[in-house]
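S.K.: Reconstruct the complex from the two isolated chains, following the hints.
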Amino acid sequence: MSLLGADLRAFIAAARKEVRQQRRYPTLFLGQIFWPVLLPASWVLMGRAYSGNDPQALAAFADRAGSSNIAVFVFVGYAMYNWLSVLLWGAGTALRQEQLRGTLEAVFVTPATRLVPLFGPGVGMLLPMAVIFASNFLALRFFFGIFPPIGAVIQAAVIVVLGIPALYAIGALFAASVLRFGEVAPVVQLIRGMFVLACGITFPVAMLPLWAQVWAKILPPTYIVDDIRRILLRGDTIADVAGDVAIVLSLAVVTGILAVAVFRYLEMSARRTGMLGQF
Amino acid sequence: MTAAPAVETKDLVKVFERGRRTIWQRLRREHDKRERFRAVDGIDLVVEPGEIFGLLGPNGAGKTTTMKMLATLLIPTSGTIRVLGIDPLMRPREVRARLGAMLSGERSLYMKLTGRENLEYFAALYHVPPGETKARIEKVLAAAKLADRADDYVERYSTGMRQRLALARALLPDPPLVVLDEPTVGLDPQASRDLRDRVRELKAQGRTVLLTTHYMEEADQLCDRVAIIDHGRIVALDTPAALKRTIRAEEVVHLEIGLDGDESAVIDRLGRSATVARSERSNGTLTVTAHCASARDFVPAAFDAARSTGTTIHHVEVVPVTLEDVFLALTGRALRE
Ligand SMILES: Nc1ncnc2c1ncn2[C@@H]1O[C@H](COP(=O)(O)OP(=O)(O)O)[C@@H](O)[C@H]1O
Ligand SMILES: [Mg+2]
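Just so you know, the protein sequences line up as chains A and B, in that order.
Heads up: the first sequence at position 145 corresponds to 145 in our numbering, and the numbers run straight through without jumps.
Heads up: the second sequence at position 47 corresponds to 1047 in our numbering, and the numbers run straight through without jumps.
One thing to keep in mind: the hints can contain errors.
To be verified - Short, incomplete list of chain B residues facing chain A, as computed with Cβ under 8 Å:
1) 1071
2) 1097
3) 1104
4) 1113
5) 1117
6) 1294
As the list claims (entries may be wrong) - Now the stretches of chain A that chain B is said to cover, found in silico as 3 or more residues with beta-carbon under 8 Å:
7) 6-15
8) 104-112
Keep in mind that the hints were calculated from the coordinates and are not lab data.
Idealized CB from N, CA, C, for every residue including glycine.
This is chain B alone, in the form it adopts within the complex (with noise of 0.2 Å):
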């Protein structure tokens, strides 16, 4: 095996042109009003192979633009791209050939054929020979867990079905590299969790998978490395452990205090054994978000700064720093709107 990595791209961009220009104003050579903006704006990335690489981030901040521009289905405005060593703008096909892409799911399946006969079609468009074909089909369907349905219409799959046949389709070339564009999207609870399954059974079979997803806790619990993006750039790349430690913190706890009077005194205190990241009063009511080394630690110190500048703590939460915690560090928004 040679180390060259599973996905490389060097200042990757891609730019729109929003609004339209009919053929009116073209006949008339009017000046294009149309707005360019950059939907993916200078991206570097380095897939290693065998690694669960995660791109998160909010809607609208480029990732189905990037996973359409490495699966050729979009040219990039500049930049370059290789997809397991190959250039897919001077070599299409043979990227196409070597990679499994899920990217609209459930949506674009044959609903009036059945699962096996969608499997059909697409094992002769990824040219799979037609000796393997059928062993192909009964082996991706079986990792799938549809055999059973396999000769049922699409029309009557579940929509984690669905999900579970389209990966099943990307993975007919047995390809040794998968992207998926936001795998669980409009799944429920359950059929999240198997189709994150899925992606680890792929990882073990060792195949590189390149995912995006706007599910923090998908990231931090599925991928190897996660790429946080956000208006087309990387605002921060690491494993999910080390970004959750750039923000310096082991846990977060949140506060509720009842005072009367001015509430710098207690937040001064608080400082002491703590970072406040966010506080907020309203009326007798001040609410502080701090990050800390131990909440074990930072808790007693907390009721002590309380009792000693006579304020009242309501409401005691530790939760463990989340990556929505770096996210916000990092762009002051929420990841979810």
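Bound conformation, chain A alone (with noise of 0.2 Å):
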């Protein structure tokens, strides 16, 4: 039996773990369900109050949106921060419960791969992502009446599945990160702001002094969000985005890495010092 097969089944069990603890925390899931519907829709019916429907206010919103349909914009870019928050969240808290209860010292005495314990919490986020985007979807439909076509929404689905890994990293190098802070709460806020703000999450990028574009360049939601409103306002299909889709496929690689990285770091200096972190 190679040591990678036993790994990869460690890696495994991690993951039916996650998903088994996340069921059995249901009221934390259901709470994922309305927020993401709620704020949304909130600031769809401000954007539409402030255009007034006027033909002029959103054609210049078109200029910097590349689309006029406020309701899929703001949508499209609310899902991307709910996926965030819950990664950042979810990853976040997971690996600092196990350092706070002893599961990670527990899990370091065994031969698995670290890797086991700093991407296994990942997997437990995959499920609300899906409920949020699900729901999203929906409210789009039933809310505010916008059909998109089928074959974009399958190319969207597609999108969203391939930035699956480079937020996966983002939540790993988070929750490696966090592990070395202690508190939890401050760094997601810090974290998420920085990326509603940068990311055209809630506005375009085209707002964005210059410096923070450039920014914007090299954090992957960016690329995201921006390509699956290309795909259902504008027509896109994958092939056009393809070389985003390559930027972001390669930025997941770089922050993984990284997330090992500090996660190494962080281990070899509990190993020295007795402490993960300090708290």
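M.R.: Spelled out as structure tokens, the structure:
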């Protein structure tokens, strides 16, 4: 039996454990359905109030955003926001809880690769993410009467799936960093805020100052959000956004390597000082 | 079987830094004011295959730190370690695969998972072959007497059950060596007895057990050999019986003697048939702790001594020598403060 095979099975066991644990905290789950629908809906109504459906105002928005369909624009942005939220909270608190309860130490005395505790918790975030995207889709359909062509929806879903590794890596990097600082909440607020501002979540990236637009270029969510909008609103296809997809996948690799490096550094420092970070 | 020791350490040292160094202090390159102190201060150990070896010492003696170095969780400041002949610094994964470690006990379980689900997860982490997993889990569950509660959430377990589950988890890789850090701390007497029985079973199965404890009865009853550890150093190491022999007495007699005048005469007389380890006068009562070869001989002699010095013995208590007395004799302090 090869070591790689054994580690792969360890990872699958970690994924099962995450999903089981998630199933047993169902209340957390319900909260994840209402806000993701309520928040963007209020922004869409606000946007409509501003434009008053005035063609000139809508044209100005389309000029910067690439489409006058405010509802789809905002909902796609918010789906990404919620995805990031769930991911940062989920991965950050999962690893931190393991540290506090002593389960991380129990995992560290096993021969399994350290990639298991680092990347395991992310699996638990996949289901809530799917729920968020589905509820957003249904909200657009039933509250705003928007029916994007089915082909576009499928292609957008493919973009989401291709974005998973990058977001996964962001979650892992975040979780590893949180171990060093101990407190999850303030760091989530900070990082999430940064993404909201930089990645065109609620407004077009074109509205940002130039230096911030450069910053936005190294954050995978910027591309994912933009690609989904292009596919749903402008009729682009996956082939049209292939370059972006390649960038997102590359960023996923870089971020993933960074996450592993941070986690290894923390483990080594813990083996010297007896403490994983400060707490 | 080779006769290689299960655990061997030479001049093992772990230095910790106390206090913290803030990022601000680092940036300004301020002088490092952290106090360095030796939690483990030169420990030499040889644990033989098949024995139950105990590290006995008060809180803060350095027991956990030693165990964590053996279990690859801490890197020693200096010294060498061999676990089953393997250097945990160079080949940590091999050590982890062969070692059953129970370090933080019942806390380190997933409360929202069942006992069985906890074991399934860790069986995969221990790289138990998939074909063997189910049987291995059934086996450790049965041995831990948890088979009937295996499908309950761990949050509904008693502390004793959780501790047994944590031990069952440590046995998943079928390890030749098991290290247990304070396995009975926080357990009620019955649960402690159960756990000690489990440890004896491990020995009967041919495994080596290294455990820490600050309960001297536990070390005495359970361990083949005991290292008494204080301030990161081993102050004595032998079988419990041999350790107790070092204070050269078979029994300890506590006396309460009523007297009016000077106590030196009676102490002098008592000293002819025993070692007076301690005596304390408060008002009209003299309390004496005497170490003697046989209480049956000493107690009548003590009454003779009292009669001939005009004093009265109010109370006699004969107790066997314990490791507590050994620790007291070696360090001048009680094991439990
Ligand atoms: N990570 C650490 N950093 C600094 N000091 C520590 C650390 N871990 C333990 N200590 C200190 O080292 C000493 C020995 O601790 P420990 O090995 O836990 O003792 P024991 O298990 O015998 O009670 C104690 O004084 C403890 O406060
Ligand atoms: Mg301890």
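S.K.: I'd like to know which numbered hints this structure contradicts. Please list them from smallest to largest.
M.R.: Hint 6 alone not satisfied by this model.
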